[in-house]
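Chemist: Here is how the chains run, residue by residue.
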Amino acid sequence: MAPNLSVSLGSSLQLKNPIMAASGCFGYGVEYAEVVELSTLGGVVVKGLFLEEREGHPPERIVETPSGMLNAIGLQGIGVHRFIQDKLPTLRAHGATTIVNICGSTVDEYAELARILSDADGVAALELNISCPNIKEGGITFGCDLGGTHDVVARVRKATALPIIPKLTPNVTDVAAFARVAEEAGADAISLVNTFLAMAIDVDTQRPKLSNIVGGLSGPAIRPIAVRMVHQCRQAVQIPIMGMGGIMTATDVVEFMLAGAAAVQVGTANFVDPFIWPKLLSGLTDYLDRHQYRSAEEIVGTVDLAHSDVAWISS
Amino acid sequence: MAPNLSVSLGSSLQLKNPIMAASGCFGYGVEYAEVVELSTLGGVVVKGLFLEEREGHPPERIVETPSGMLNAIGLQGIGVHRFIQDKLPTLRAHGATTIVNICGSTVDEYAELARILSDADGVAALELNISCPNIKEGGITFGCDLGGTHDVVARVRKATALPIIPKLTPNVTDVAAFARVAEEAGADAISLVNTFLAMAIDVDTQRPKLSNIVGGLSGPAIRPIAVRMVHQCRQAVQIPIMGMGGIMTATDVVEFMLAGAAAVQVGTANFVDPFIWPKLLSGLTDYLDRHQYRSAEEIVGTVDLAHSDVAWISS
Amino acid sequence: MLIDVDALVLSNDRLSPEYNVVRLAAAEIGASTEPGQFVMVRQGLSLDPLLRRPFSVFEILRDDNDRVSGISLLNKVVGAVTGMLFTIEPGQRLQCLGPLGQPFSVIKPPARAWMVAGGVGLAPFLTLAESLRSASTDTTLFYGGRSAGELYYLDKFESLGVRMALTTNDGSLGEAGLVTAPLKRELQALGEETPLRIYACGPTEMMRAVAALGHQYRYPSEVSLEQVMGCGLGGCYSCVVPIHEPGGQMNFVRSCLEGPVFPGDRINWNGIP
Amino acid sequence: MLIDVDALVLSNDRLSPEYNVVRLAAAEIGASTEPGQFVMVRQGLSLDPLLRRPFSVFEILRDDNDRVSGISLLNKVVGAVTGMLFTIEPGQRLQCLGPLGQPFSVIKPPARAWMVAGGVGLAPFLTLAESLRSASTDTTLFYGGRSAGELYYLDKFESLGVRMALTTNDGSLGEAGLVTAPLKRELQALGEETPLRIYACGPTEMMRAVAALGHQYRYPSEVSLEQVMGCGLGGCYSCVVPIHEPGGQMNFVRSCLEGPVFPGDRINWNGIP
Ligand SMILES: Cc1cc2nc3c(=O)[nH]c(=O)nc-3n(C[C@H](O)[C@H](O)[C@H](O)COP(=O)(O)OP(=O)(O)OC[C@H]3O[C@@H](n4cnc5c(N)ncnc54)[C@H](O)[C@@H]3O)c2cc1C
Ligand SMILES: Cc1cc2nc3c(=O)[nH]c(=O)nc-3n(C[C@H](O)[C@H](O)[C@H](O)COP(=O)(O)OP(=O)(O)OC[C@H]3O[C@@H](n4cnc5c(N)ncnc54)[C@H](O)[C@@H]3O)c2cc1C
Ligand SMILES: Cc1cc2nc3c(=O)[nH]c(=O)nc-3n(C[C@H](O)[C@H](O)[C@H](O)COP(=O)(O)O)c2cc1C
Ligand SMILES: Cc1cc2nc3c(=O)[nH]c(=O)nc-3n(C[C@H](O)[C@H](O)[C@H](O)COP(=O)(O)O)c2cc1C
Ligand code: FES
Ligand code: FES
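Chains as they are written, first to last, in this note's numbering: chain D, 68 to 382; chain P, 68 to 382; chain E, 834 to 1106; chain A, 834 to 1106.
Hints should not be assumed to be uniformly reliable.
Only pairs whose alpha carbons sit at most 25 angstroms apart, straight line, appear in this in silico SDA-like list of lysine to any residue [what the hints assert, rightly or not]:
#	chain 1	residue 1	chain 2	residue 2
1	D	K346	E	A860
2	D	K346	A	V911
3	E	K909	D	D271
4	E	K989	E	S849
5	A	K909	P	S73
6	P	K346	A	V911
7	P	K346	A	A858
Keep in mind that the hints were calculated from the coordinates and are not lab data.
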C-alpha cells in the first residue's frame, strides 16, 4: 500500500503531503498552474504581501554564488487587495492549499493583513514573514528581536483564527529561542529558514552586485545550516516545523524531516527545475516504501543520535 | 613597477602580502613546506592549539556539502609545548610568519597560552579562537557572548605584548557588536569568519554524517555571508580585519579586500588546490596592475556604495 | 507547451575563440518555438553553477524530411555556463526548458522589417528572418561586430533573401563604426510613407540607441532585452524591466513573461543596469 | 615529488555498469609512484563537487619505448565524482595531484606475498604485483567479487605469474563465498616456517578479517585503508585512523600521511566507521 503522505501542521492545518512551494520562489502560484497541478502540492506559499503595492528594488536583484543565489527583490508585490481579487480565485479554482506570506512595517500592519485575509475565501494559513533580510522597514527587525517576534505573533493571534506560522530568520545567535517565543505567543507552527544576509562585490566595477547592496542567500549552499537549525528548534518546541533551505532532491526532503520538519518548503530549486514537484513526491514515496514506513509522519524528527559518539577509545 | 603587496595589521604586525593560510587548514604549516615556500605567504596560521594534547573527535570528521564542507575535527592537536618544541623551529627555519591560533576552556587557559607563546621564538601574533563550533567546552561559548569575548581578549591583552587577533564566529545576530567589543578590549585586529554551525544527516542510516553530530561549514558556499560580515565590521571598528570564508580565487581575495579586509586567510581552498598560493599572489598582483594601484592597501574597504541605489524612478 | 528536454548535443561548431553554435536534439521545443523565444539551459547534476541560463533559439533544425528535429544555440563565452557550452562535446547532454517568453511580432508586407544585431544579439534573428521571409516581407539585417571574424552566418541570411548592412569596429568588413550609423542614415533617407518595423538585439546601449532612433523617426521598434534571469517562468521577479505604463505610470515588469521582446518605446532605459 | 597535473584523458574502458578504467597522460606522476600510493583528483572549475577524491594508482602506463607515459585509475561508481569519472570522455581533462601516501613494502624472496582484494580493492595490487614479480617474489592474489562479471584484469595478473585464488558471492567464478575463506584455508595449510606477508585492500570488514587472520597465524599484514580524505596532504586531519601506538597508547593518525597502508595489527578496527 502506498504510504500516507499527509501531515498535520497543528490542529487546523492538514496537508496532503509535506512538500510545499516556498514564498517568493513560486510567484503567486498562478504562474505555475500550467507547469504543475497545483492541487498536488502540499501547499503553495505565495510571494510576500504587504497591505499596499510595492515596486521592489531596481535590478540587479539576484546574483548567483557557489551553489546558491542572493536575492534582493525587495518584496515587489501587488498588495493584499489585488491578491485577493486577482490571484486567490485562480488558486482556489486549481484546488491549491494556499498559505499567504505577510509582511508589515508595523505590528498593526501584520494584524490588519491577518484580518483582511481571514475574511477571504481560500486561505489555508498565514506565514508571518518577520525575516526578510533585504527590506529596510519591518520584516527582519521583528525577526531578530525576541520581543518583536512575540509582539507580531501575539497580535496576529488575536486578529485571526487562521493557523499562523511565523517564519524565522537564520541570522540570529540562537534560533531556538525565537522558536520558543513564537510558540508561547500562540503560533500554530513555525517555518525556517528564511535567507542569510549576504553580499557580493563585482571586483571590476568595485560595486555591490545587487542594487540593494545586500541580499539573502538561498539554495543548497545553506542547507547544512538550515538542517542544524531545524534540528535545534525541534528540540526546543512542540509545535510543528516547516523546514527549508536548499532542498534540491527527495533525499534533502527526507533529511529535513529526519531533523524534525513536519513539512518542507522548496524555493530556489523551483528555479532550477520547475518540474521538480512530482520528482520530489515520488522520491519521498520511494524512500518511505524502501524503509517500510506507512506514513510520512513517522520519520519526523527521528534522526538517530545514539550512535554518534563512536566509543572507539574504550574498545 | 610591481605593486607593493605588504599590508600592516596594526602597529606591530607587518605582512609581506595579505594572503595567509587559515587555521586548521594548513596543519602546523610544516606539512606544506615541500609544496609552497612558506616564506612567500603573508602568514601561516597554525592549527588551533590547546595547552595540552587533544585527541579530537572520532571519524567521520568531515563531510562534503554543496560548494562547502562540514568539519568536526575537534581540535586534535599536539598541545602548545610540543608545538614550540617540534614545529616552531621548522617554521622559523623556513622563514614563515607564524600566527598561532589558541583555544582554551577557560579565560585562564587563553592567558596561560599567551604567556607561554610570548616566550617562544618565532611567533608573530596570536589568533584567539573563540569561535570553534564543534567542541563542547570553551571556544564558541566565549565567541557568542559579548562579555565572554571581552574577558578573553582583555585577559590575553594583559598576558602578552604579541599582537592579538580574536577570531569571530559568524553564528551571531550582530557580528559588528563583537568586533567592537574586541576592539575595546584591546585587540590589534580581528579575523572572521570561523565556520557556521551546521549538520548533515545520512538518510539511509538516519544518523548524522559527522560523529560529533554537528560541525562547521566552510568553503565557497559561505563566502557571500562572510563578505557581508567583513563589510559590517569594517564600518564598526578601526582595527584591521582579516577576512576569510570561501576564498577560492584571486578575485575572491579582492572581493574581501574591497569589503574591508586588510588581509585574508584561505582555508578550504588549500585542500582543493595546495598549489593555490602563487596563483592567488599573482592574481592579486595582476588585479592591482590592471587597475593601476601601487599597493594592496589602497583597495581595502573601497567598495563603492554610491551607485547602488539606481534612481530609476526619478529619471 | 513548455517542456524540459535533456537534449543530446548533436554538434558543436566553434566559430571563433568566443563564439560557437551548439545543435541539440530538442525537437519538441523546436516545433513550438516562435522567433525571439528562448530556452533556459543547464548541464548535469552539479549545483555549481546552480541556476539555468537563458539562450535565444538560434535555428530550428530540420531533418531530411523537413520535420523539426531540434534547435541550435548561438553562444558567446562570458562566464561559467557559456564557457561550458563552448567546450561541450557531441554525445553529452544539455537540459533545455522552453520555449519561453513573448516572441517578436512578424510584420507583413507592404511593411518592411529592419533587424539590428550587435554581436551575439544576432541569435534571435535567424528564426525571425525565416518567418519574415516566408511572409515575403522585405527584410534587412543591420549587423555589427568587432571585426570581420565576428560576423557569422552571413550566407545563411543572404540565402533567405535578407539585405545586409554590415559594420565592424575596425572596418575589416562592411562599414567601419557602429551599426547604428547605417541605420540612422537609412532612416533619414526613408520616405515618411514607408511602413517599417525595427527589431533590435545586442548590447543595451545599442538597443537604447535603436529605440531612440525608432522614436525619432516614428517607427515602431521591438527590442529583445538580456536581463539576468533566475527562473524564466515568472517565479522569482529577478528579470524586471522598468516600463512606462500606458497611464504614464512606471512599473517593473518581468521580462521572462512579458518580454524578452518589448516595444522600444516602453522601456525606461535609465533603469536598466 | 608531488605535482598537480591537468591530465588529458587518454581512454575510458567501461568494464561493467559500475567499473571502469581511466587512462591519463600524467607521466610525471607515473614515473615516481610506488605501489599503494594514490592521487587526489578533481575535474574542472565547478565548486560542486568541491573536494578532490583519492584514487589508487592502478597501472603505470608505458609507451612503445617503455618510458612511463601516464597512469590509470580503476574506478567504481558510488557517488558524484566516481559517477563523473565513469562518464568522462577521452579529450577531457582530470586534475591529478600525486603521488601521495606511504606505499606497500615490497617483500623479497624467499618470503611469499599474498594479496587479498575485495571489489575495487584490487586497485593498488597491479603495481604491487609488478614490483613483487620483478623481485621474483612468489605472489598470490586472493580476489573476491560479487560475481564473475566483477572480477577484472585476471589475465594481466596471470601474465605476471601471479597465482590466483578467486571467489564470488554467487559462485559464478572461482569458489562461492568470501575471499577470506580460501585465505584462511591456505593459512591453516601453511607450514610455520614459511615467511609470508599479507596485503589487503577492500571493504573494511574484509580487511579487518584479514588482519585478524594474519594476527592469528602470526604473519605480518599490510592493509590499505579507504578513509574519507579532505586534502591528502596532512592539512585537514579528516582521514584519521585509530592506531595502537607501540607504547600501548591509542592515537589518531592521518592516513594520508602515515597511510593509507598500515600494518593490520596497529589498527583499532572498532574505531573505524
Ligand atoms: C532572453 C535572453 C536570451 C539570451 N540569448 C543568448 C544567446 O542566444 N546567446 C548567448 O551567448 N547569450 C544569450 N543571452 C545571455 C546569456 O544568458 C548570458 O551570457 C549567460 O547567462 C551568462 O552565463 P555565464 O554562466 O556564462 O556567465 P556568469 O558566470 O553567470 O557571468 C559572467 C559575466 O557575464 C555577465 N552576465 C551574466 N548574465 C548576463 C546577461 N544576461 N547578459 C549579459 N551579461 C551577463 C555577468 O554579469 C558576469 O559579469 C541571453 C540572455 C537572455 C536574457
Ligand atoms: C587511499 C584511497 C584510495 C582509493 N582508491 C580508489 C580506487 O582506486 N578506486 C575507487 O573507485 N575508489 C577508490 N577509493 C574510494 C574513493 O575515493 C571514493 O569512492 C570516492 O571518494 C567517492 O567519491 P564520490 O564523489 O563518487 O562519492 P560521494 O558522492 O562523495 O559519496 C557517495 C557515497 O560514497 C561513500 N564514500 C565516500 N568516500 C568514500 C570512501 N573513501 N570509501 C568508501 N565510500 C566512500 C559516501 O559515504 C557516500 O555514501 C579510494 C579511497 C582512498 C582513501
Ligand atoms: C527570489 C526569492 C524571493 C523570496 N521571497 C520571499 C518572500 O517574499 N517571503 C519569504 O518569507 N521568503 C522569501 N524568500 C525565502 C524563501 O521562501 C526561502 O525561505 C529561502 O529561499 C530558503 O529556501 P530555498 O533555499 O529552498 O530557496 C525568497 C527567496 C528567494 C530566492
Ligand atoms: C578542517 C578545518 C579545520 C579548522 N580548524 C580550525 C582551527 O583549529 N582554528 C580556527 O580558528 N579555525 C579553524 N577552521 C576554520 C578556518 O580557519 C576558517 O575560518 C574557515 O574554514 C573559513 O574559511 P574557508 O572557507 O577558506 O575554509 C577550520 C576549518 C576547517 C575546514
Ligand atoms: S526570470 Fe524569474 S521572474 Fe523572470
Ligand atoms: S586527508 Fe587531510 S589530513 Fe589526511
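Chemist: Check the hint pairing E:K909 with D:D271 against an upper bound of 25 angstroms on the C-alpha distance.
Modeler: With a Cα-Cα distance of about 20 angstroms, the restraint between E:K909 and D:D271 holds, given a limit of 25 angstroms.
Chemist: Does E:S849 sit within 25 angstroms of E:K989, going by the straight-line distance between their CA atoms?
Modeler: Distance ~17 angstroms between E:K989 and E:S849 Cα, so the pair holds.
Chemist: Run the distance test for D:K346 versus A:V911: straight-line Cα separation, threshold 25 angstroms.
Modeler: holds (22 angstroms)
Chemist: Between P:K346 and A:A858, does the CA-CA distance stay at or below 25 angstroms?
Modeler: Holds, because 23 angstroms separates the two Cα atoms, which is no more than 25 angstroms.
Chemist: With a cut-off of 25 angstroms on the C-alpha distance, tell me whether A:K909 and P:S73 pass.
Modeler: Roughly 48 angstroms separates the two Cα atoms, so the pair is violated.
Chemist: Has the given pair, D:K346 with E:A860, been kept, meaning a C-alpha gap of at most 25 angstroms?
Modeler: holds (23 angstroms)
Chemist: P:K346 and A:V911 were given as a pair; does the straight-line alpha-carbon distance stay at or below 25 angstroms?
Modeler: Violated, at about 32 angstroms.
Against the hints set out earlier in the document, violations occur for numbers 5 and 6.
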